[in-house]
Amino acid sequence: MVNINFTVNGKPYEISIDENMRLIDVLRDELGLIGTKEGCGEGECGACTIIMDGETVNSCLVMGFQADGSNIVTIEGLEKDGQLHPVQRAYMEAGAVQCGFCIPGMVLSTKALLDKNPSPSDEEIREGISGNLCRCTGYNKMLIATKKAIEYMKGE
Amino acid sequence: MDIKKVYNSKSVEEVIDLLGEYGKKAKVIAGGTDIVIALNKNVIEPEILIDISKIEELKGIREEDEYITIGSTTTFAEVVESQIFENNLYGLHKACKMVGSPQIRNKGTIGGNIANGSPAADSVPPLMALDSIVTLKSIDGIREISLEDYYLNPIKEKELLINIRFKRPKDNQILTFAKLGLRKALAISRLTLSSYIEFEDKTIDSIRVASGALAKFPMREKEVEDYLLGKSLEEKTIEGAIEVLRNSMDERLKGRSTLPYKRVAISTILREILEEALAIEEGVKAW
Chain P
8 MVNINFTVNG KPYEISIDEN MRLIDVLRDE LGLIGTKEGC GEGECGACTI
58 IMDGETVNSC LVMGFQADGS NIVTIEGLEK DGQLHPVQRA YMEAGAVQCG
108 FCIPGMVLST KALLDKNPSP SDEEIREGIS GNLCRCTGYN KMLIATKKAI
158 EYMKGE
Chain R
394 MDIKKVYNSK SVEEVIDLLG EYGKKAKVIA GGTDIVIALN KNVIEPEILI
444 DISKIEELKG IREEDEYITI GSTTTFAEVV ESQIFENNLY GLHKACKMVG
494 SPQIRNKGTI GGNIANGSPA ADSVPPLMAL DSIVTLKSID GIREISLEDY
544 YLNPIKEKEL LINIRFKRPK DNQILTFAKL GLRKALAISR LTLSSYIEFE
594 DKTIDSIRVA SGALAKFPMR EKEVEDYLLG KSLEEKTIEG AIEVLRNSMD
644 ERLKGRSTLP YKRVAISTIL REILEEALAI EEGVKAW
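The listed protein sequences correspond, in order, to chains P and R. This note's numbering runs 7 ahead of the 1-based position in the first sequence. This note's numbering runs 393 ahead of the 1-based position in the second sequence.
None of these hints come from the bench; they were simulated from the model.
Computed cross-link-like contacts, DMTMM-like style, restricted to lysine to aspartate or glutamate with a CA-CA straight-line distance of at most 20 Å:
id: 1; chain 1: R; residue 1: 447; chain 2: P; residue 2: 60
id: 2; chain 1: R; residue 1: 420; chain 2: P; residue 2: 26
id: 3; chain 1: R; residue 1: 398; chain 2: P; residue 2: 26
id: 4; chain 1: R; residue 1: 530; chain 2: R; residue 2: 406
id: 5; chain 1: R; residue 1: 434; chain 2: P; residue 2: 45
id: 6; chain 1: R; residue 1: 447; chain 2: R; residue 2: 407
id: 7; chain 1: R; residue 1: 397; chain 2: P; residue 2: 75
id: 8; chain 1: R; residue 1: 563; chain 2: R; residue 2: 594
id: 9; chain 1: R; residue 1: 420; chain 2: R; residue 2: 406
id: 10; chain 1: R; residue 1: 447; chain 2: P; residue 2: 75
id: 11; chain 1: R; residue 1: 418; chain 2: P; residue 2: 25
id: 12; chain 1: R; residue 1: 490; chain 2: R; residue 2: 471
id: 13; chain 1: R; residue 1: 418; chain 2: R; residue 2: 407
id: 14; chain 1: R; residue 1: 452; chain 2: P; residue 2: 75
id: 15; chain 1: R; residue 1: 490; chain 2: P; residue 2: 62
id: 16; chain 1: R; residue 1: 418; chain 2: R; residue 2: 533
id: 17; chain 1: R; residue 1: 397; chain 2: R; residue 2: 410
id: 18; chain 1: R; residue 1: 420; chain 2: P; residue 2: 25
id: 19; chain 1: R; residue 1: 397; chain 2: P; residue 2: 32
id: 20; chain 1: R; residue 1: 418; chain 2: P; residue 2: 26
id: 21; chain 1: R; residue 1: 490; chain 2: P; residue 2: 130
id: 22; chain 1: R; residue 1: 490; chain 2: P; residue 2: 131
id: 23; chain 1: R; residue 1: 577; chain 2: P; residue 2: 49
id: 24; chain 1: R; residue 1: 398; chain 2: P; residue 2: 25
id: 25; chain 1: R; residue 1: 549; chain 2: R; residue 2: 414
Listed next, the stretches of chain R that the computed footprint assigns to chain P, with coverage defined by at least 3 CB atoms under 8 Å from CB atoms of chain P:
id: 26; segment: 395-401
id: 27; segment: 444-456
id: 28; segment: 490-496
id: 29; segment: 574-584
No residue lacks a Cβ here, since even glycine has one placed at the ideal position from N, Cα and C.
All chains should be modelled from the sequences, with the hints used to inform the complete structure.
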């Protein structure tokens, strides 16, 4: 076992984990944050996307012990005071969610993009979510949702 | 996975001592984008895992004297965001920008791209075309080797890849890159080419061409270089270069099922790097 200190969704944790755990295993099995999904387990699908120190990463490709000292945001961390994050709200309203499996990762990629670039072009939006595969929507609804989110965030 | 002990290393010395002590029982991890898959599928089964991603000395891009040095744990995203890889060094920016996905580029590193040894490593052909030198360190000392020779004498179990460096090009020396993948994002390269050309007007005064996914590892394409050297870069030169490269591929990839496809595809990719080089040189195309 190895001890790690890190912050997840604003809350500090000091936990002891198995050396063999990947970060996704730590988040899901140790912290119970099952919003983060495992799809391919190879970094292709992006379902396990989280935000680590401000950057999106595939949590299936990070070892748990490597998260020591990091600041992590998962899909559970976006809601504030019972209010959905503008990106979450926009995804719902635009009908960008069908089966929902890709959505936690997709929403986090969208949020990370807008945090860095508040007014992205269509091309930049598509590039921003290019690491997240969705087999339902065909991605156009995500583009529409992201544009809605941009408006909501400007109004905040 | 049966990892017994892990280290979040803070210094190169610590890593080198650990590698010296544990040898092949230990594996180094940085971005993890290749190695965690191998660990999870038990393709490799180290007892010790040493994280080097938090070591300051291995991070970032430095410009010193006539050299540009890229620390081994510099991520693809950091190369893409760097102002250094614009204009005549645009080829490396383009290669790193085409790696995987945003998530992969945020974690995957230049050092890992080299040390992992994939024939399809996107950042390697441009670094090879730049005639880069790889620095490795172990308890036995420092080893420097050109990237071109590296694949014949790759990283050893006690070694840590420290950085890669190359001479800063002059304004008339231009690096380009082109990739053929099966789709835009998340594509493993089927074919990549990079060229480094020094122009005297339209004449090629010196040239290095490197390929990816055309052999067991990325390599220099010397026959194409010899053909292009001293020629004026115009349509018939490009057509001639395509034929020369096809002949080299015919010998090297004989009997491979992908050869007929790659023979056709190579014409677009080789044309792209040469025409792009000329366009940048003439200032027609900003990077």
